[in-house]
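2 protein chains.
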Amino acid sequence: MAKHEDTETFRKRLLEVATALIEEGGLDALSLREVARRAGVSHQTPYHHFGDRQAILAAIAAQGFDELGARIGGVTEASSARGTAQLLAAGKAYVAFALERPAHFRLMFRPEHVDLRHHPEALAAGQRAHAALEAVVRACVEDKTFRRADQGDAVTLTWALAHGLASLLLDGPLGLTAQTPEAREITADRALRLFRKLIEA
Amino acid sequence: MAKHEDTETFRKRLLEVATALIEEGGLDALSLREVARRAGVSHQTPYHHFGDRQAILAAIAAQGFDELGARIGGVTEASSARGTAQLLAAGKAYVAFALERPAHFRLMFRPEHVDLRHHPEALAAGQRAHAALEAVVRACVEDKTFRRADQGDAVTLTWALAHGLASLLLDGPLGLTAQTPEAREITADRALRLFRKLIEA
DNA sequence: CCCCCGAAGTAGACAGTGTCAAGGATGGCC
DNA sequence: GGCCATCCTTGACACTGTCTACTTCGGGGG
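These protein sequence lines map, in sequence, to chains G and W. Okay, so the first sequence: first residue is 0 according to numbering that gives the first Met the number 0, each after it adds one. Okay, so the second sequence: first residue is 0 according to numbering that gives the first Met the number 0, each after it adds one.
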């Protein structure tokens, strides 16, 4: 049992090394061989633990979905905010996650690296994160004049907006315009506030 | 001169082969060597024409930005639509482009494959596309009750929404839910229409 | 006690890749 | 004719993911 724990923490360490590598040099700077080198083991050991390259990436993606879900879920518990303020907070949480964990975020939406259909664990984590977002949006929108049929669309709309902001800031031209973390946060904040204003009207 | 044209069309052919490869097997299924093989030339010829791997990808991305800009620009010329209808059309054009040219779209927003800062041609094409979108949004929004300061945010907001929809449908869970092209178009359409409704209010 | 077996880790090989370096053709220009 | 730039080829190198086979070792049943 103690042994099992050791291998478990070893897996975790491999994941950390891999994450660090991605954050340093981008997604294609990650090689299992380099991970092995940094972990001080043979080039084949990571393969032994994870099966193949996709599996280790999928594990990182699953971590990411878990954290994203937790951040969004945390919004509803922070009782200070209510109504559209929660919606705003959820959007900000989404963007903040992407900017603070770029390696995770990218992996979560790069099917050529991680095909979620082949990694049910990561897929399930993704669905939990989505459910968290959906809860926030529905809670905020159900008492408004939204027709019931529009509520699902409101979830999609909010999600797409947050995801688009995150993507454009991280990998798109928006990130070239706003280079510092503060500038990026401001850009996201302004767009999200405008969105809130539109919803309240 | 005739010779120069030949090399020009040859470059184009290489780009087509590369694009086809990406659309078949994903981004990492593209290798310059495979491109060379399919074009019936030596493994080094593409390198000779484009410099390195990034350059050929940047050329594809530039093509993509050009087409995207043209599609968005086409919206303002189609005189049938006015006001928020134009905005809706631009959003649909953005999503349609992503779904019909997935290889191009992905490349345009994957800095680990193409760093736009190192490829001014692609960067300029991207700015033109952005300008086209900005024109549509501003034209639609300037006569509303938007304060001037909010207009820039409205551009960001619209862009992020379209981009998020496209990304989620192409590479995210939304694409797993809506698998057929029709279903995806419907999903995007519903979200965009809700957005229009919010703006009109 | 010994043996054996499964799990963890190692080592070597293979095909494939991007890239570098050098050489061969070829056609226009002085 | 001689020359040179351009296009293209060939050969090599280091690196990658993956496959296969080999060692090592700790714990449970004969």
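Calculated directly from the structure, the hints in this document are not laboratory data. Accuracy of the hints is not assured; some may be wrong.
No copy labels: a pair is met if it fits in one copy or bridges any two.
Taking lysine-lysine pairs in the BS3-like style, the calculated list, with each CA pair at most 30 Å apart, reads [stated by the list, open to error]:
| no. | residue 1 | residue 2 |
| --- | --- | --- |
| 1 | Lys11 | Lys91 |
| 2 | Lys196 | Lys91 |
| 3 | Lys11 | Lys143 |
This structure is a prediction, so every number in the text was calculated from the model and none was measured.
Now the hints, each set against the structure:
In this assembly of identical chains, Lys11 and Lys91 lie within 30 Å of each other by CA distance solely inside one copy; the values are 28 Å within and 43 Å between copies. When the C-alpha separation of Lys196 and Lys91 is checked against a cutoff of 30 Å, the pair qualifies both within a copy, at 15 Å, and between copies, at 23 Å. In this assembly of identical chains, Lys11 and Lys143 lie within 30 Å of each other by CA distance neither inside one copy nor across copies; the values are 45 Å within and 53 Å between.
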